[in-house]
Amino acid sequence: MEEKEPRIIAFCCHYCAFTAADLAGTMRQQYPTNIHIVRLPCTGKVDVNMLLQAFVDEADGVMVAGCEVGSCHFLEGNIRAKKRVEFAKSKLEEVGINPEKLDMFHIAASEGPLFAQTAREFTDKIKSILKEEQKIAEA
Amino acid sequence: MNNKQIGSILVVGGGIAGMQAALDSAEMGYKVYLVEKEPSIGGNMAKLDKTFPTNDCAMCMISPKLVETGRHLNIEIISYAELEKLEGEAGNFTAIINKKARYVDENQCNGCGECELECPVHRKDNFNGELSERTAIYRLYPQAIPNVYTIDKSTPEAPCKVNCPAGVNVQGYTALIAKGKFQEALNLIREKMPFAGVCGRVCHHPCEDNCNRNEIDEPVSVRNLKRFVADREKTLLEKGELKKPSLEDDTIAKRAEKIAVIGGGPAGLTCAHDLVKKGFQVTIFEASSKLGGMMRTGIPDYRLPKDYLDYEIDLILGKGVEVKTNSTLGKDFTLQDLKDEGYQSVFLSLGAQKAKEIPLEDSEGEGIIYGIPFLRQISEGKKPPMGSHVAIIGGGNVAIDVARSAVRLGSKATIVYRRTQKEMPAHSWEIEEALEEGVEIRNSWSPARIVREDGTVKGLEVERCVTIYKKDGKRSLEVDHDQKNIVEADTIIPATGQECDLEGIKDEIEVEEGLLSSDPLTLETSQQGIFAGGDVVLGPSSLVESVAQGHRAAESIARYIDKEELRTDREPVMHSGPSAEMPDGIDKSKKERTHTSVAEPEKRNSNFEEIEKAFTEEEAIREAKRCLQCASCAECMECVRTCKAEAIRHDQKDERRQIHVGAVIATGGFTPFDARKKPEYGYGIYPNVITSIQFERILSASGPYEGHVKRPYDGKNPKKIAWIQCVGSRDVTTGNDYCSSVCCMYAIKEAMIAKEHDPEIEPTIFYIDIRAFGKGFESFYEQARYESGVRFVRSQISSVKENPLSRDLQLQFIEDGQYKEEEFEMVVLSVGLLANPANTATANILDIAQNKFGFFEEKPLQPLTSSKEGIYLCGAGNGPKDIPETVMQGSAAAALCSEMLKEVRNTEASVKEYPVEKQVEDVEPRIGVFVCHCGINIASVVDVEKVSEYISKIPGVVHAEHTLYTCSQDTQKRMKEIIDEKDLNRVIVASCTPRTHEALFQETLREAGLNKYMFEMTDIREQCSWVHQKEPQKATEKAKSLVRGSIGKSNHLEPLQLKNISINKAAVVIGGGISGMTASLSLANQGFKVHLIEKEENLGGNMVYLKMELDGEDWQEFLKNKIKEVQENELIDVVTNTKVKSVNGSVGNFTTVLSGEEETEVKHGVIIIASGAQEFKPDGFLYGKDDRVKTQRDMEFEIDKKDKFGTVAMIQCVGSRDDKHRYCSRVCCSEAIKNAINIKEKDPEADVYILYRDLRTYTYREVFYRKARELGVKFIHFPDKEYPEVKESDGKLSVHVKDTVINEGISIQTDLVVLSAGIVANEEENHQLSELMKLPLDEHGNFMEAHVKLRPVDFASEGVFVCGLAHSPKNTEENITQALAAAGRAASILSKDTLEVGGVVSVIEEDKCASCLTCLRECVFDAPFVNDKGKAEIDPAKCQGCGNCAAACPAKAIQLLTFTDAQETALFNNILEEDIEEVTEVK
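Heads up: the sequence lines are chains A and B, in that order.
Quick note on the numbering used here: the first sequence kicks off at 68 and runs consecutively.
Quick note on the numbering used here: the second sequence kicks off at 64 and runs consecutively.
Where hints are given, some of them may not hold.
To be verified - Keeping only pairs whose Cα atoms sit at most 30 angstroms apart, straight-line, the calculated DSSO-like set for lysine-lysine is: (1) B/K1097 x A/K198; (2) B/K1158 x B/K1397; (3) B/K1128 x B/K975; (4) B/K1397 x B/K1494; (5) B/K317 x B/K353; (6) B/K1264 x B/K1305; (7) B/K1471 x A/K150; (8) A/K71 x B/K1009; (9) B/K965 x B/K128; (10) B/K1515 x A/K158; (11) A/K71 x B/K1016; (12) B/K1009 x B/K1036; (13) A/K150 x B/K1397; (14) A/K194 x B/K1097; (15) A/K194 x B/K1093; (16) A/K150 x B/K1494; (17) A/K150 x B/K1515; (18) A/K150 x B/K818; (19) B/K340 x B/K387; (20) A/K194 x B/K1009; (21) B/K818 x A/K192; (22) B/K128 x A/K149; (23) B/K1204 x B/K1128; (24) B/K653 x B/K864; (25) B/K1093 x A/K198; (26) B/K676 x B/K651; (27) B/K741 x B/K676; (28) B/K1097 x A/K71; (29) A/K149 x B/K1185; (30) A/K202 x B/K1097; (31) B/K162 x B/K975; (32) A/K192 x B/K1093; (33) B/K1187 x B/K922; (34) B/K1097 x A/K192; (35) B/K382 x B/K353; (36) B/K1183 x B/K1152.
To be verified - To list a few chain B residues with every Cβ distance to chain A over 10 angstroms, as calculated: (37) L194; (38) K317; (39) E320; (40) K382.
Keep in mind that the hints were calculated from the coordinates and are not lab data.
Even glycine gets a Cβ: it sits at the ideal position worked out from N, Cα and C.
Produce the entire structure from the sequences given, and follow the hints as far as they go.
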């Protein structure tokens, strides 16, 4: 059976992670096409409903990427996002979705290579989770 | 009032200081010209990785500021430009700006970077500390603004090109070969040299003779490189691996004029080639049966196989040249015949094919054959009449060719030449090869007689030649008739030169000394329209020279026919001008020249096969890479071919601009100290010794090693890294005896970040004093020292030695009183900040003073004011400083300009008008999608055509197209037309990043009458094509998904209206100290009403305790004047004995209630907090118990009262840097130094001790520290946690202290103890103000600014500003500066009549609001409030649009506009949706 290409939504804040994603491009850092970036002014805008809705809409993975701790353009948005991500993870677990499919990252604007690396690693992680799930389903 | 004032400001320097000054000035209503000498703005800050003391990413901070500056309607960035002249006076200056040619059209270039990928020239990248390379066409850094490329081009050109007679772009084709672009290289050669293959074999290569590599090792093997590309094309064609190039060029317009070229040698063929490319009808008349001239007849096959010549001639003829062979001028036709046949011009390139006779008797007849006919016969495949032993007379190349040919035909060959071998005109390499092949050369023999027996040649009698040195030093060659010899030979071949056969022409054209005479510049002969060139004019000359003549003739003939002036703008015949020297900053290591393989002499001397082989591909690339690329840009034109935007302008010239401004702000910036000037540290000698700037780049993720800590020598990850402080600072030997003030902090930061990158790194900082004097610095230092594992050693390092095996570095130092030696894997030199060398030129042009270190000089007690009226200073150009101070100074300088130009505010700045917006609410979506190719940036990976086609089928989309460059002006115009034509109400652009381009497209929408929020942008470049280069199919699918997402969102877009609210143009300033007064005066001088609130009875604050400045300037007089000025200013309403009771409202419209004698209410638009601080009241040290123990503040005025002081012991850091006060009070060290100097100057007998831990006399204060030591003040260093003790016994006062130098306790009997008491916050007052206005305080009770680095006087809440001691401890001049900055920032609000609010802000649906107040708690900007209906509401003036409240609201009552739940959900839902039919959700 053909391996399914997972679809991943990456919520990125405008000032840091989104800028880092741009820099990854400028530096021609390669990462898989599975990552689809959605821009937000601040990761503080991410709410639990939105995270869960992405999974309802059949996202295979969701990553939230904001500024480094202490560097949030809006002071505390990334810290709040982190909490919401944690909460959403617990909800995912409750409904039987592997909470590892959701994660939060901190990426500064100058860290293009880190963005690409994170994108690669997260995609790999999602792929291996899906593989595992398929194995279980087939068994 | 000067009624000729001009409302614009010139800012010189586009670093962070200049950017801030420009932004604030522009916001205040002035037009700003920002002139930057580099290709882009950003200055030194753009190079930093992180910034202290928060370790924030520098790029995160500066990038939005760059974009804002670049986009501001009233800031015009003039980059890559220099100020050349300034005339006029304050209020009305005229500046001349020289905008240097960047060879790229700024309006066309969109920064896509494709050119960079193709450019073959590499240079050390200065931006990356020369640790990596950039190309000749470059951009300073990826986020640069303006985001355009610049070509680094040197004039004069490279020596190889300058010295090539034919002007072949040698560096260009060498660079292309190095990049493996062989065909491009050949094409470039052919522009000037139609015989690449021939020239690549036989050229005498002046390019190599003049190659700058000669200074290093051997020249680049240029000739062989040329041959390689030429041969390669022929070979590939023969193998069928290359398509035969189309010779006919349809783009050339055919012309009717006929031109005759007489003589088909290199000059004639080149001329014909050039003319046929210009469209003329050209006929070559050739006397012999084949074309090629001396290339064919003079060069034997073993040097030039004729099929290569034929190949290149065919390429020329293929372009449409007609040829008549066996047609000799004068015999078969005349010039008149040509005229009669309609030829309008003639080029005579008859060559010099006639052998020169030798002056010997009997030199004709049997047994004698001349060299030229000898070679010609061989070239025609005949064996010339010759015997078994030939004697050749002559020493030139023909003689050698003859000898080597004779050997190949089985004969013995002896060359007879009158002079020595060294003096032979033949190329040395040819002589050597001839000798290898068995040719005998008899040097210094002169032929005297041909020996014949019975008419048969038997030999050549020769006589000895000797060189005689005459008395005048001249040499002459004389024949000794007594020394005779006979060279046995049966054939004599004279080869002593060639002549021209002018039989057919000499009566018609002027002849001089056997040559046709023509004008060297135009080649025109005595007959109009008849031109002559090549050997027939020059005499026997080289191939390249003949080719050059051919080009020259063609140019003249074209001009002649077009009746243009022949002489205008012609290059002189010989290139004798200067050429580019060996460039700096390149790899100058030796690299062996690549040699071609040459057949063994015994294998080659019996046949005519070519003896030398061409380079292999690998050899050619290796050899080409040896090129030093002397001129930087090689003009290979790869960028021109690559640039789809057609932005490259190699012919661009510098451009001068005149601008009129009312004021000037000079920034100037700094330059890092050149560590090579301290050779004892080994920088530039040991590869693992680097500077702090280089380390900064190493740490940067976009730096040379992508953020991996590596050392340059071997890329090893160093564990032990040492920082050496004060390199080029506090150093009399380099003339920089000031403190650079930032190095301690950046070294600490670098050490901490290095450890973050690799926890195994063990950083050690070697220092004299750690100067952590700024806000938050001390705790940062403590964190490094006690928590992060950075080792601090207080020891000055005198030299660095390298371990030659490990390349580690050895340091010697004292630690804990012990002498130590230790090896480190890398050493970082903390280089100081020097005045930018360009400051001197700027200062001269602006006519402003510099101090002795080269920094711009400020007027005494007037920070930022230069010596010339109307010119203000800011940033590191007037002294080393950190980023927040720089930013403050930028705002402050803007305020000073605004004070001067207030009458002409808003006279030069433009306001844009837009058409009325069309109604789009409740209208069915009509979406237009523009998918961008971005040249090939997107289109080479993503199939944009497919994306566009796919998108067009999605319901709601009424227009979808793909455009080459969506951001180009013509597409923008088209977009407006389409919006109109198709009645679009939503536009989507799928191209690059919205961060840089969203505003541009939104602007287009507004111009088309569409609300700018009806726009969505999809990034398919940075976030798709560039990151998925190897997966075009998947990238295309992803691009479809992303655009589909945007369509989903755009269905939910709503127009947003910005609301204009009026601004109350008054300010409240809280605090009447020097900061509050300065801010008030500045605002009043800018024309704004000010309410100055002081809690005490009098103005003046802490400054009443301050007598003078370090340099002796009188502060009290200054204060008196300042108070008077404030009191007399009509716009300032001074309210004393008054406090603030409440503050309501938001930016633009505050209402403040004051409680003084009675309660009053004031309305105002902004607030400045300048509430000050106070002196720490010491506890301990017998303070208050013994009146001989005082504080520095008490001492300041006391010095006047005494004449004799006896012993004075000063104790530093009382109430600073202790357990209760974990910060440095910044001013106390300088204060102690000042008082100590004053005491010593008054009473040289006095014994003054200063007991300290780190002496923090930053910047020029260091000079006074030195002065104090020179005056005999004694400094005792005590350990960190062991404060000195003050004791009294028997009425005697003593101080006990542990001296770390001798590592022992000592006791000082003293008459006075002076405590350097720190500064503490006005805690109670600050807390009250903080609560009233919801402003944050730091752990020490100081007000916390919005951002430590880039918003040093702002609060996160709009319209509220802070300055002076309320912000943090600082000295008077710094307080003044910060107050001006606060005034500047405040004025940028008050200057406007209205404030635009709304847009991307949160709104609350009242019905859903449960009044739970979550949003009030969640918002850090204090935007939500409870309205009179008891529901939460958001003040759009305060809302920053982050959406935190929307995410937090449990009732989902809050929506962030343009990022609403419906919009965002539709966006990712549609990205995840694969079926188009499902993507139809229309609201």
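Going through the hints against the structure:
As the CA atoms of B/K1097 and A/K198 are separated by approximately 20 angstroms, the hinted pair is consistent with the 30 angstroms bound. Taking the CA atoms of B/K1158 and B/K1397, the gap is about 20 angstroms. The hint holds against a cut of 30 angstroms. Annotation: proposed proximity of B/K1128 to B/K975 holds, straight-line Cα distance about 23 angstroms (limit 30 angstroms). Pair hint B/K1397 plus B/K1494 holds up; C-alpha atoms about 20 angstroms apart against a cutoff of 30 angstroms.
A threshold of 30 angstroms between alpha carbons decides the hint, and for B/K317 with B/K353 the separation of about 27 angstroms falls inside it, so the pair holds. Simply put, B/K1264 and B/K1305 have alpha-carbon atoms about 11 angstroms apart, close enough for the 30 angstroms limit, and the pair holds. In summary, the hint linking B/K1471 to A/K150 is supported, as the alpha carbons are separated by about 24 angstroms, within the 30 angstroms threshold. For the hint pairing A/K71 with B/K1009, the CA-to-CA distance comes to about 23 angstroms; that is within 30 angstroms, so the pair holds.
Under the criterion of a C-alpha separation no larger than 30 angstroms, the hint pairing B/K965 with B/K128 is consistent with the structure, at around 25 angstroms. Under the criterion of a C-alpha separation no larger than 30 angstroms, the hint pairing B/K1515 with A/K158 is consistent with the structure, at around 18 angstroms. Using a Cα cut-off of 30 angstroms, the hinted pair A/K71 and B/K1016 holds, with the two alpha carbons roughly 26 angstroms apart. A C-alpha spacing of about 24 angstroms is found between B/K1009 and B/K1036, which places the hinted pair at or below 30 angstroms, so the restraint holds.
About 24 angstroms separates the Cα atoms of A/K150 and B/K1397, which keeps this hinted pair within 30 angstroms; it holds. Under the criterion of a C-alpha separation no larger than 30 angstroms, the hint pairing A/K194 with B/K1097 is consistent with the structure, at around 16 angstroms. Distance hint between A/K194 and B/K1093 is fulfilled; the C-alpha atoms sit about 20 angstroms from each other, no more than 30 angstroms. Of the supplied pair hints, the one linking A/K150 and B/K1494 holds, its CA atoms being roughly 27 angstroms apart against a limit of 30 angstroms.
Between A/K150 and B/K1515 the alpha-carbon distance is near 18 angstroms, which keeps this suggested pair within the 30 angstroms criterion. With a C-alpha separation of about 27 angstroms, the suggested pairing of A/K150 with B/K818 holds against the 30 angstroms cut-off. A C-alpha spacing of about 19 angstroms is found between B/K340 and B/K387, which places the hinted pair at or below 30 angstroms, so the restraint holds. For the hint pairing A/K194 with B/K1009, the CA-to-CA distance comes to about 28 angstroms; that is within 30 angstroms, so the pair holds.
At most 30 angstroms may separate the alpha-carbon atoms for a hinted pair to count; B/K818 and A/K192 meet this at roughly 28 angstroms. At roughly 27 angstroms between alpha-carbon atoms, B/K128 and A/K149 fall within 30 angstroms of each other, so this suggested pair holds. Our distance criterion of 30 angstroms between C-alpha atoms is met by B/K1204 and B/K1128, whose separation comes to about 21 angstroms. Restraint check for B/K653 and B/K864: satisfied, since their Cα atoms lie roughly 25 angstroms apart, inside the 30 angstroms limit.
A C-alpha spacing of about 24 angstroms is found between B/K1093 and A/K198, which places the hinted pair at or below 30 angstroms, so the restraint holds. Annotation: proposed proximity of B/K676 to B/K651 holds, straight-line Cα distance about 29 angstroms (limit 30 angstroms). About 51 angstroms separates the Cα atoms of B/K741 and B/K676, which puts this hinted pair outside 30 angstroms; it is violated. A hinted pair counts as satisfied when its Cα atoms are at most 30 angstroms apart, and B/K1097 with A/K71 qualifies at roughly 13 angstroms.
Under the criterion of a C-alpha separation no larger than 30 angstroms, the hint pairing A/K149 with B/K1185 is inconsistent with the structure, at around 51 angstroms. Proximity of A/K202 to B/K1097 is assessed by CA-CA distance (about 26 angstroms); at most 30 angstroms being required, the pair is judged to hold. Straight-line distance between C-alpha atoms of B/K162 and B/K975 comes to about 27 angstroms, which keeps the hinted pair within the 30 angstroms bound. For the given pair, A/K192 sits about 21 angstroms from B/K1093 by alpha-carbon distance, which is consistent with the 30 angstroms threshold.
Among the hinted pairs, B/K1187 with B/K922 is consistent with the structure: their alpha-carbon atoms are about 21 angstroms apart, no more than 30 angstroms. Proximity of B/K1097 to A/K192 is assessed by CA-CA distance (about 19 angstroms); at most 30 angstroms being required, the pair is judged to hold. Only pairs whose Cα atoms come within 30 angstroms are accepted, and B/K382 paired with B/K353 is accepted, the gap being roughly 18 angstroms. Between B/K1183 and B/K1152, the direct Cα distance comes to roughly 22 angstroms. Compliance with the 30 angstroms bound is thereby established for this hinted pair.
A cut-off of 10 angstroms between C-beta atoms confirms that B/L194 is not in contact with chain A; the least separation is 16 angstroms. The Cβ of B/K317 sits about 46 angstroms from the closest Cβ of chain A, beyond the 10 angstroms cut-off, so the non-interface label holds. Distance check on B/E320: its Cβ is at least 52 angstroms (rounded) from any Cβ of chain A, clearing the 10 angstroms threshold; non-interface status holds. Taking the minimum C-beta to C-beta distance to chain A, about 41 angstroms, the non-interface status of B/K382 holds against the 10 angstroms cut.
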